[in-house]
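Engineer: From first to last, the protein sequence lines stand for chains Z and U. Heads up: the first sequence begins at 1 in my numbering, then just goes up one per residue. Heads up: the second sequence begins at 1 in my numbering, then just goes up one per residue.
For the record, the hints were derived by calculation from the structure and aren't laboratory data. Quick caveat, the model's predicted, so the values are computed rather than measured. Virtual Cβ for every residue (Gly too), placed ideally from N, Cα, C. Please note that a few of the clues may not be correct.
[As the list claims (entries may be wrong)] Just the calculated beta-carbon pair ranges, DEER-fashion: (1) N245(U) <-> G188(Z): 27 to 33 Å; (2) Q42(Z) <-> A61(U): 36 to 42 Å; (3) D48(Z) <-> K115(U): 45 to 51 Å; (4) D48(Z) <-> R79(U): 39 to 45 Å; (5) G173(Z) <-> N164(U): 46 to 52 Å; (6) R146(U) <-> N166(Z): 45 to 51 Å; (7) Q203(U) <-> G188(Z): 48 to 54 Å; (8) G106(Z) <-> G243(U): 40 to 46 Å.
[Stated by the list, open to error] When the alpha-carbon atoms are kept at most 20 Å apart in a straight line, the in silico DMTMM-like pairs for lysine to aspartate or glutamate are as follows: (9) K78(Z) <-> E148(U); (10) K207(Z) <-> E148(U); (11) K197(Z) <-> E159(U).
[Stated by the list, open to error] Partner residues are not named here, just some residues of chain Z that face chain U (Cβ under 10 Å, in silico): (12) C70; (13) P71; (14) G106; (15) G109; (16) Q116; (17) K120; (18) Y122; (19) P125; (20) F126; (21) G134; (22) G137; (23) T196; (24) K197; (25) V203; (26) K204; (27) K207.
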Amino acid sequence: MTNFTTRLFQHSVACALILMLSAPLAMAGALPGEEAPAFTLQDTEGNDHSLTDYLAEGKTVVLEWFNPDCPFIVKHHKNHRTMNEAFAKVKDHDVVWLAVNSSAEGKQGYGLERNQKAVKEYQIPFPVLLDPAGKVGRLYGAKTTPHMFIITRDGKVAYNGAIDDNRSPTELGETNHVLHALNDLMQGEKVRIPETKPYGCSVKYAK
Amino acid sequence: MKKMFVLWSFSLAVMVGCADKSPPGSEIENAMSKVSATLSSSVVKAAPGQSFPIMWQLNPAHQWYLYWDGLNDSGFPPRVQLDLPPDWKAGPLLWPAPERHLSAGEILDHVYHEKLMLVQMIEVPTGAQIGTKLSVPARIEWLACREECVPGKATMTLEFAVGNSMIKSSQAGKIEAALAAMPVPAPRGAVTANWQEDSIILQVEGAQALEFFPFNDCLEPAHLIQDGAAEGDSLILRLRNPGSNSSLKGILNQEMKDGSIRNWTIDFLNETQSGG
């Protein structure tokens, strides 16, 4: 290899390394049937919540991507009580419901204070976990608020998608996909519809 | 008679013009929702059996955008409702080509940063009575976003009359121009589609850049962020479920070597080697 070619090669490798190291964390995505990414996050009261721990307790875990100021979240938490009512139906069946907020600093819905206020305002009966770096959101491929995931006790993703079948920011749907999926699981059956297209505001990740 | 006709036409024009402006209640909604909305007719009068376009126009405030009615990761496209009397028909909304909008977290949407003009054809029933005047309640709702998103809605009334022949309104030129700018089906053979095992290569001779905007019922692209735009005359779309029965359908935006822009709708039946 000539000196010029060597320098060109070294320059190209250096550039490639710089690009790789500076690239933002890529979105993975937790598809039905895949292993759910492990995580530990703190809620608005400072308590840690670990997926691994819940699964070890034999729980089914529902994740709801959340942003208190997104109109679709307002639809389901303030104008209607979709999430609270769904949780009430399943909480005595070894189901844990966790809201996850991946809004970055400076973005809509960010911060401990805002989310503590939202818990009170929306009377949320389950933890709201804070993920400001967006690491868990990106691991799951969460795109919208809300974006729902169900993880069964074997650690696999059983459902990924929308809460219901009406993509409007104001109207409720007729079919609650999450309740239907949980019902299938509680009957000991496979989830009949494991994936739907989520809808809502975009998750407010850091650039 | 002539004076009465002039007065009546003026009144209709005023009513249509007023129908172009949202009533005070929905202006307040519009101010909060960052979008102003109008509804215009291309005619003040139409004859039985004739069709004519109307136009819903949404103007988002600076830096705000609205969503296209195709494949998006987030958001909500405008929805309309026209309470036409029985036998009157409204065609589907016609959408102009959008722009790609990529947000952090690999969230890809197709949006409109400037005014959005949606055109809809209205069909006058053949049995419509000459001299009938209609006031049609109309409603539109939307989601406007910037960093945050704000829903909005407006209610309006569209005034028509049925006459012996069509009389165009002052908005006709603008509406017809919007209709003419809508994406049209690709001319036969103008876009070649080469199906591979799990991808499709679209090619347009003379193009220097291509973008593909999938419809909601399109065969799902696997990597639309990377594959949906390309320099040159070809675009390779990797597919998520090559064995699916869906077709590849959407809008193909082409920037030609002569600087012109074309928007064609395409619909290719799945012929991947692993399915179809």
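Engineer: Using 10 Å as the Cβ threshold, decide whether G109(Z) counts as touching chain U.
Structural biologist: Given a least distance of 9 Å, the restraint on G109(Z) holds.
Engineer: Go through the hint on K207(Z) and say holds or violated, using the shortest Cβ distance to chain U against 10 Å.
Structural biologist: Result: holds, 5 Å to nearest chain U Cβ.
Engineer: Hint check: K197(Z) vs E159(U), CA-CA at most 20 Å. Holds or violated?
Structural biologist: This hinted pair is violated, its Cα atoms lying about 39 Å apart.
Engineer: Between Q203(U) and G188(Z), does the C-beta distance stay in 48 to 54 Å?
Structural biologist: holds (51 Å)
Engineer: Let's test the interface hint: is any C-beta of chain U closer than 10 Å to that of G106(Z)?
Structural biologist: holds (9 Å)
Engineer: Honestly, do G106(Z) and G243(U) meet the 40 to 46 Å range at C-beta?
Structural biologist: Given a distance of about 44 Å, which is inside 40 to 46 Å, the answer is holds.
Engineer: Checking hints one by one. Is V203(Z) an interface residue toward chain U, by the C-beta closer than 10 Å rule?
Structural biologist: holds (5 Å)
Engineer: Could you grab the alpha-carbon distance between K78(Z) and E148(U) and see if it respects the 20 Å cut-off?
Structural biologist: Cα-Cα ~18 Å, so holds.
Engineer: Should the interface hint for P71(Z) be scored as holding, given a Cβ-Cβ cut-off of 10 Å against chain U?
Structural biologist: holds (5 Å)
Engineer: Would the hint on Y122(Z) stand, with a C-beta cut-off of 10 Å toward chain U?
Structural biologist: Because about 18 Å separates Y122(Z) from the closest Cβ in chain U, which is outside the 10 Å limit, the hint is violated.
Engineer: Hint validation: P125(Z) versus chain U, beta carbon distance must be below 10 Å. Holds or violated?
Structural biologist: violated (26 Å)
Engineer: If you take the shortest Cβ to Cβ gap from K197(Z) to chain U, is it below 10 Å?
Structural biologist: For K197(Z), the interface hint holds, since the closest Cβ of chain U sits about 9 Å away, which is under 10 Å.
The structure fails hints 6, 11, 16, 17, 18, 19, 20, 23 (numbered hints given earlier, in ascending order).
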